[in-house]
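Peer 1: Those sequence lines, one after another, are chains A and B. For the first sequence, this note's numbering gives the first residue as 1, with consecutive numbering after it. For the second sequence, this note's numbering gives the first residue as 358, with consecutive numbering after it.
Some hints here could point you the wrong way.
Unchecked claim - Computed far set for chain A versus chain B, every beta-carbon distance over 10 Å:
| hint | residue |
| --- | --- |
| 1 | G30 |
| 2 | L84 |
| 3 | V186 |
| 4 | E281 |
| 5 | A288 |
| 6 | G333 |
| 7 | P356 |
| 8 | Q357 |
Unchecked claim - Which stretches of chain A does chain B cover? Using the computed rule of at least three CB atoms under 8 Å from a CB of chain B, they are:
| hint | stretch |
| --- | --- |
| 9 | 62–68 |
| 10 | 73–80 |
| 11 | 157–163 |
| 12 | 341–352 |
To be verified - With a cut-off of at most 20 Å between alpha-carbon atoms, the simulated DMTMM-like pairs for lysine to aspartate or glutamate come out as follows:
| hint | chain 1 | residue 1 | chain 2 | residue 2 |
| --- | --- | --- | --- | --- |
| 13 | A | K107 | B | E553 |
| 14 | A | K196 | B | E518 |
| 15 | A | K175 | A | E349 |
For the record, the hints were derived by calculation from the structure and aren't laboratory data. Note that the structure is predicted; figures quoted are calculated from it, not measured. We treat Cβ as the ideally placed atom computed from N, Cα and C, and that holds for glycine.
Now for the letters of each chain:
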Amino acid sequence: MTFKSILAGAVLGLGLAGAAVAQDDPLKVGFVYVGPIGDFGWSYEHNEGRLAVEEHFGDTVETIYQESVPEGADAERVLTQMALSGADMIFTTSFGYMDATVNVAGKFPDVKFEHATGYKQADNVSVYSARFYEGRAIIGHIAGKMTKTNKVGYIASYPIPEVIRGINAAYLHAKKVNPEVEFNVVWVSTWFDPAKEADAATALIEQGADVIMQHTDSTAPMTIAEEKGILAFGQASDMINFGPNAQMTAIIDNWAPYYIERVQAAMDGTWESTNTWDGIEPGMVEMAAFSDKLPEDLRAEAEAMKTAIAAGEYHPFTGPINRQDGSAWLAEGEVADDGTLAGMNFYIEGLTGEVPQ
Amino acid sequence: MIRLEQRAAPAQIWTFATPIVAVLLTMIAGGLMFAALGTPPVQALKTIFYDPLFHPQFASYSRPQLLVKAGPLILIAIGLSLGFRAGIWNIGAEGQYIIGALFGAGLGLAAFPSESTILFPAMVAAGALGGWLWAMIPALLRVTFRTNEILVSLLLVYVAEQILARAAVGFLRNPDGGGFPGSRNLAQHSGTQNLELFANSGLHWGGVAAIAAVIFAYIVMTRHLMGFQIRVAGESPRAALFAGFAPKRLVIFCLGFSGALAGLAGLFEVTGPAGQISIDFNSGYGFTAIIVAFLGRLNPFGILMAGLLMALTYIGGELAQLTLSLPGAAIQAFQGMLLFFLLGLDVLTNYRIRLARRRGA
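Go ahead and model the full structure; you've got the sequences and the hints to work with.
Peer 2: In structure tokens:
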């Protein structure tokens with residue numbers, strides 16, 4: 001209460017009367033973003049989720065956010081200040097906030113924390129992530145069919161399980177429909193650096209790639225693909241405005257349903273610490289409209305694959321699959337377990353190059 | 358017509374007045390920007406400058422945080438200031454900060470789970486050594502090949518960032534982390550942690566080192582021959598040559614000293630507030646410290662105050678984002694204004710403004 005009354009007092013003091021403090025305190029929900037909300041990628045989609053929460057709950061929630069929070073020493077302070085400002089629930093939307101989230105959660109046992117893409121849970125810390133590899137399997141299939149040079153350029157951020165899983169899923173499904181296909185993976189060591197990503201895209205195209213995939217957050221590779229008249233896939237959000245001809249589809253992170261569900265649970269008093277890893281089925285991973293530049297039968301195949309994955313009839317990592325060194329990973333018909341997928345740090349057979357260690 | 362006339366000697370009064378005037382002008386220009394964004398300017402400025410210190414709800418937490426944030430800035434800026442006064446421009450403190458952290462953390466992780474009492478001091482030494490070595494690259498290139506230390510030190514930042522990323526996902530990765538990037542958390546292990554020395558004070562060993570560096574730099578600059586050489590070299594390089602001062606030794610000393618302090622700052626951060634080597638461990642301290650050094654007029658006590666002021670704008674800026682929903686970019690623009698006005702007003706130290714009538718006619 002003290003904080004609200006002081007804020008109200010300050011507002012009144014400036015002659016802007018009318019700051020009514022509601023009888024029932026709204027649930028205060030905080031969001032911490034690693035990038036600017038205008039990145040049109042990762043942080044943008046998390047902020048879309050926040051806006052959806054505001055729209056869904058109206059006056060019963062109040063949201064606050066902080067953008068471009070570095071994943072180092074500053075995260076813990078930002079989280080603490082957010083909790084001190086009266087937040088009841090805080091979403092920390094990047095992997096690097098993991099230890100800071102757990103530390104601050106220990107100091108504020110009444111605040112509920114939700115950490116994206118991490119693995120450390122606590123009584124008041126839930127973790128959640130999306131099975132982006134389901135979308136990667138679909139774009140791999142499309143890439144395998146659409147490439148004419150049989151060279152796919154892949155702009156990767158950092159060699160972490162999430163990214164390696166994406167490369168494997170895409171390659172596996174490209175190879176299934178096109179045994180000649182080669183993946184050229186470039187590690188740019190950044191999540192968001194339009195200039196670097198654009199350079200990588202240009203270099204890949206010069207080396208013969210006619211399809212570009214990216215696991216970085218800016219729209220720069222899409223823009224380059226559009227300029228050079230080749231094909232690409234949007235990452236994290238629909239990038240059709242940046243590549244109206246180039247974009248074949250996009251893997252969209254849709255956090256809104258999860259955020260609404262969790263805020264609802266907090267309001268109802270049913271919130272518990274959980275570990276969520278959702279895919280296409282509940283809508284956490286969405287595919288942007290398949291481009292009408294794709295042949296009709298390919299669009300139908302992609303739709304069918306999406307439906308099968310959503311229904312649980314098809315798992316993108318179904319054996320037989322060998323590791324890059326030729327050793328067996330999954331036997332015929334065997335499906336990868338979540339533990340192995342979560343910590344995946346090896347390439348599958350056929351990929352060239354090495355996972356940087 | 359307005360004319361600038363060079364002063365015979367830098368104006369003493371402006372040397373001290375420009376930082377204050379710059380802060381005031383920043384408040385006015387920043388206030389206008391906040392108003393344009395629809396936030397009452399007085400409230401925004403109060404949130405940035407007053408609330409972190411005196412707000413009943415936040416201050417007890419954010420006041421000690423000022424020291425946590427200012428510590429590495431002061432430590433790095435002190436190191437840079439000696440070189441800057443001698444005309445030796447180390448722009449790559451960010452890289453030296455990273456390498457120092459990697460050296461120190463590498464030692465701590467290699468010894469894990471040792472709880473030896475000499476481990477932490479050894480890590481501190483390794484941190485300083487790492488920063489010093491990284492700074493020796495531009496230093497030796499300058500004294501042997503006369504390369505430009507501004508370019509070399511700056512570009513080495515990007516090299517250091519690549520090594521950092523490689524360390525976080527590769528050779529320093531936590532073996533118990535399930536393949537995720539990032540090292541073990543050093544702050545959670547008693548042999549390697551750098552915690553607050555007094556509860557809720559915000560003072561850890563990095564803060565102690567920063568204060569020691571301020572005093573050390575003051576003594577060197579006022580009482581030691583090296584300080585005299587630095588001042589002469591900066592103000593009159595030819596006089597320094599005639600006096601027989603060895604310019605190469607000065608380059609090596611200044612770059613090495615600033616590198617070692619930046620490395621120390623990195624070590625204290627990675628063992629304390631940051632806790633671990635991660636892909637984005639460096640968060641711009643090495644670059645912000647350049648602003649701090651100039652804001653403090655390259656004077657040790659000025660840098661102490663400037664570091665605290667800069668930390669205040671960071672923490673207050675975060676509060677403003679949180680409570681007033683100001684965009685993060687507005688806070689960065691606000692900090693940018695501070696440097697802009699400061700450097701702009703520097704003209705007044707060396708020049709006098711004259712309103713002169715056009716001649717002739």
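Peer 1: Compare the structure with each hint and give your call.
Peer 2: Hints versus structure:
| no. | hint | in the structure |
| --- | --- | --- |
| 1 | G30 | 8 Å, violated |
| 2 | L84 | 6 Å, violated |
| 3 | V186 | 14 Å, holds |
| 4 | E281 | 24 Å, holds |
| 5 | A288 | 27 Å, holds |
| 6 | G333 | 25 Å, holds |
| 7 | P356 | 7 Å, violated |
| 8 | Q357 | 4 Å, violated |
| 9 | 62–68 | holds (count 5) |
| 10 | 73–80 | holds (count 6) |
| 11 | 157–163 | holds (count 4) |
| 12 | 341–352 | holds (count 4) |
| 13 | A:K107 with B:E553 | 16 Å, holds |
| 14 | A:K196 with B:E518 | 14 Å, holds |
| 15 | A:K175 with A:E349 | 10 Å, holds |
Hint violations for this structure: numbers 1, 2, 7 and 8, all remaining hints satisfied.
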